[in-house]
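A.B. asks: Listed below, chain by chain, are the residues.
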Amino acid sequence: MEVAPDKTAEVPIVAAVDERVPSIGEYWPRYKQQAAIITIIMQLIVASVVSMSLFAGGVPFDSPVSWITLLATFLVSVTLNLYLVNILLTPLRDMVSVLKSTRGESLSEPLANPNTPRYVRDGFTPVLQSIYDIASEKQKPNTAIAPDSLAPVLKAALHQTKMGVVIMDAHGVITFSNDAAPVSDDTSGGKKLNLLFEQEDTFMNWLQNCHDNAVHAEHTWLRIADRIVGDENRRIFNVTANYEKGSAAEVVLSCFDSTDIYQPEDNELDFIAFAAHELRGPITVIRGYLDVLDMEMEDSFAPDQKELMKRLIVSANRLTGYVNNILNTSKYDRRHLILRLGEESLTTIYDTINDDMALRASSQNRLLSVNIPADLPTIAADRSSLSEVISNLIDNAIKYSNEGGAIAVSAQVKDGFVEVAIADHGIGMPANVVGNLFHKFYRSHRSRETVAGTGIGLYICKAIVESHGGKIGVTSVEGEGSTFTFSVPIYATVADKLQANDNTNAGLISHGEGWIKNHAKYTG
Amino acid sequence: MPINTILVIEDDRFIGEMYVRSLQHAGYTVDWVVDGHDGLVAATGKPYDLILLDIMLPEMRGPDILKAIRGKEGDKLPNTHIIVLTNFDQDTESRIAMQHDVDAYLIKAEITPRKLLEIIANLGEKAAPKA
Chain A
1 MEVAPDKTAE VPIVAAVDER VPSIGEYWPR YKQQAAIITI IMQLIVASVV
51 SMSLFAGGVP FDSPVSWITL LATFLVSVTL NLYLVNILLT PLRDMVSVLK
101 STRGESLSEP LANPNTPRYV RDGFTPVLQS IYDIASEKQK PNTAIAPDSL
151 APVLKAALHQ TKMGVVIMDA HGVITFSNDA APVSDDTSGG KKLNLLFEQE
201 DTFMNWLQNC HDNAVHAEHT WLRIADRIVG DENRRIFNVT ANYEKGSAAE
251 VVLSCFDSTD IYQPEDNELD FIAFAAHELR GPITVIRGYL DVLDMEMEDS
301 FAPDQKELMK RLIVSANRLT GYVNNILNTS KYDRRHLILR LGEESLTTIY
351 DTINDDMALR ASSQNRLLSV NIPADLPTIA ADRSSLSEVI SNLIDNAIKY
401 SNEGGAIAVS AQVKDGFVEV AIADHGIGMP ANVVGNLFHK FYRSHRSRET
451 VAGTGIGLYI CKAIVESHGG KIGVTSVEGE GSTFTFSVPI YATVADKLQA
501 NDNTNAGLIS HGEGWIKNHA KYTG
Chain B
525 MPINTILVIE DDRFIGEMYV RSLQHAGYTV DWVVDGHDGL VAATGKPYDL
575 ILLDIMLPEM RGPDILKAIR GKEGDKLPNT HIIVLTNFDQ DTESRIAMQH
625 DVDAYLIKAE ITPRKLLEII ANLGEKAAPK A
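Chains as they are written, first to last, in the working numbering: chain A, 1 to 524; chain B, 525 to 655.
Here chain A stands alone, though its shape is the one from the complex:
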């Protein structure tokens, strides 16, 4: 139990406070001292009244009874009253300490805690809390920058930050940009945005859409570069655009320079491209010389030697396909897979892989039958990519079927698309596997154990088909076989879009991955 502590002489050091305003710190010790003195004087008066009463009652001054009573009364009442005063003054002390601390004066006592049991009990907690709240609100202007001095500070901050800031009016004209912003001077004396969106008009379309339909809007584009690959000082941004109709800064673009994140990936992509080049060299030689040997020695091989040659050739051919899958996957994942869609006939495309597929099937004892009607309409396709899809699917059918199994490739017209089906009578798969089938690196539990593979074949098939604007799917019955189907648009249905879109065909792609750039350069 603490009785008015005798620290009253300690006056806290007051720093950085205007001299004309007396510090709060000086108030509290003085007030506490006064309270103690007044209390003691009061008790002296009480004691003297008691002694007067005793005297009037016939007790002489020099009687021990008189002195003892007097002393006891004085001591007890002083003690009790000082204790009372201390209890009564504690809330005041705490309020003062809060104000002291918020004014930046140093504290000689611990900072008041509004959640002490006593305050919680007697309900003082919200009072003290309110003082804290009011004090901290009032304090803000002291540390924040006054509005009239804000402009130069903001300017300096915009100058320093690594984030590009571009402010535009409703028409997309740049009214402000900071040093880090990806902008350059244009020919008419204004500024233009140097951001290579997936389509040249991606951003302006968004802005137009906001202008027509939105009050406020926000959109983020990831991985937008300011220059093309290979240029020095190329930066890659994550760009967030905020639109606020009628605001002084109607459009604000925040360009977060994320080159550090994306550049290593791009370097990795270069690495993969070079690695693929290195791998393709020996594959070319192996395939080429096998072909030369096969051509020149065909007649002198014994039948079993011919079979060995066939296996060598098939294996080397498959290797080529895997290198392409790796390359395509790496490009697709980094959003660099660009297809060039032109008018093609499915028959022509299949012809490019026909020999390879026939050899592959026969060397593994599968019966491959191909039935592509001659009168199919032409399709909008990238020849080599689509042939990779077909060969991946046939490869799959071979993998997941048994010796002697039949594999049928067929095609038909369906709702403006040409639909190609690759059916096998192999092991099939349960329904729960189908959903994951086109995911990267997905391999069903069973196939992990029994069939070799990387799990990127179907993933890249889906990527390629969808970037043609088509769809890929599968129906399967466990134990009976699977049928993979994919569709690509009939050329006539998309020719206008392909040609009107300045060699790009974003209009074809109906799914969410709008970034795939399809260059449709019609050279027919």
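A hint or two may mislead.
As the list claims (entries may be wrong) - With a straight-line Cα cutoff of 25 Å, these simulated DSS-like cross-link-like pairs (lysine-lysine) come out: (1) B:Lys596 - B:Lys570; (2) A:Lys310 - B:Lys639; (3) B:Lys596 - A:Lys306.
Said to hold, decoys possible - Quick partial rundown of chain B residues pointing at chain A, CB under 8 Å, derived from the structure: (4) Arg545; (5) Asp613; (6) Thr636.
To be verified - What follows is a list of derived Cβ distance ranges for each label pair: (7) B:His561 - A:Val173: 34 to 42 Å; (8) B:Ala550 - A:Ser315: 22 to 30 Å; (9) A:Met163 - B:Lys596: 35 to 43 Å; (10) A:Ser258 - B:Asn528: 54 to 62 Å; (11) A:Arg234 - B:Met580: 19 to 27 Å.
Derived by calculation from the structure, the hints in this document are not laboratory data.
Note that this is a predicted model, so its numbers are computed, not measured.
Idealized CB from N, CA, C, for every residue including glycine.
Chain A is already provided as a structure; the job is to place chain B on it using the hints.
C.D. replies: Just chain B, lined up with the frame of chain A:
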């Protein structure tokens, strides 16, 4: 116009020999140079029916050779077919640019000599070389 004479610009010895051997076997007259500079000199010094052009070449790269032949100064070899044969995974813009100026753009690893012979035969059957 049938194709008789072929220039192979290819720095890889194994691959170069492979093409030369199979092309000669099929009856073509073949010259082979191993660097880009010699390639351009040979291409412009003698009228070939077909040039097989690599991309990654010492001295002068394939795209630069192509520019020198079919660049801004017009087509210097209007009677010559050009096929790009490469294993390099060019970025798409450059690939499309090259594709525009050549008869075919092929990945070596995907084209066996037999297929190449087929493609050349088809090219020769076409009415006239592209202008």
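A.B. asks: Does each hint hold? Answer for all of them.
C.D. replies: So, going through the hints one by one against the coordinates:
1. B:Lys596 - B:Lys570: holds (21 Å)
2. A:Lys310 - B:Lys639: holds (16 Å)
3. B:Lys596 - A:Lys306: violated (51 Å)
4. Arg545: It holds, given that the least Cβ distance between Arg545 (chain B) and chain A is near 6 Å, below 8 Å.
5. Asp613: holds (4 Å)
6. Thr636: holds (4 Å)
7. B:His561 - A:Val173: 34 to 42 Å: violated (50 Å)
8. B:Ala550 - A:Ser315: 22 to 30 Å: Once the Cβ atoms are compared, 26 Å apart, the range 22 to 30 Å for Ser315 (chain A) and Ala550 (chain B) holds.
9. A:Met163 - B:Lys596: 35 to 43 Å: Holds, at about 42 Å.
10. A:Ser258 - B:Asn528: 54 to 62 Å: holds (56 Å)
11. A:Arg234 - B:Met580: 19 to 27 Å: This hint holds: roughly 23 Å between Cβ atoms.
Going through the hint list in order, the structure does not satisfy hints 3, 7.
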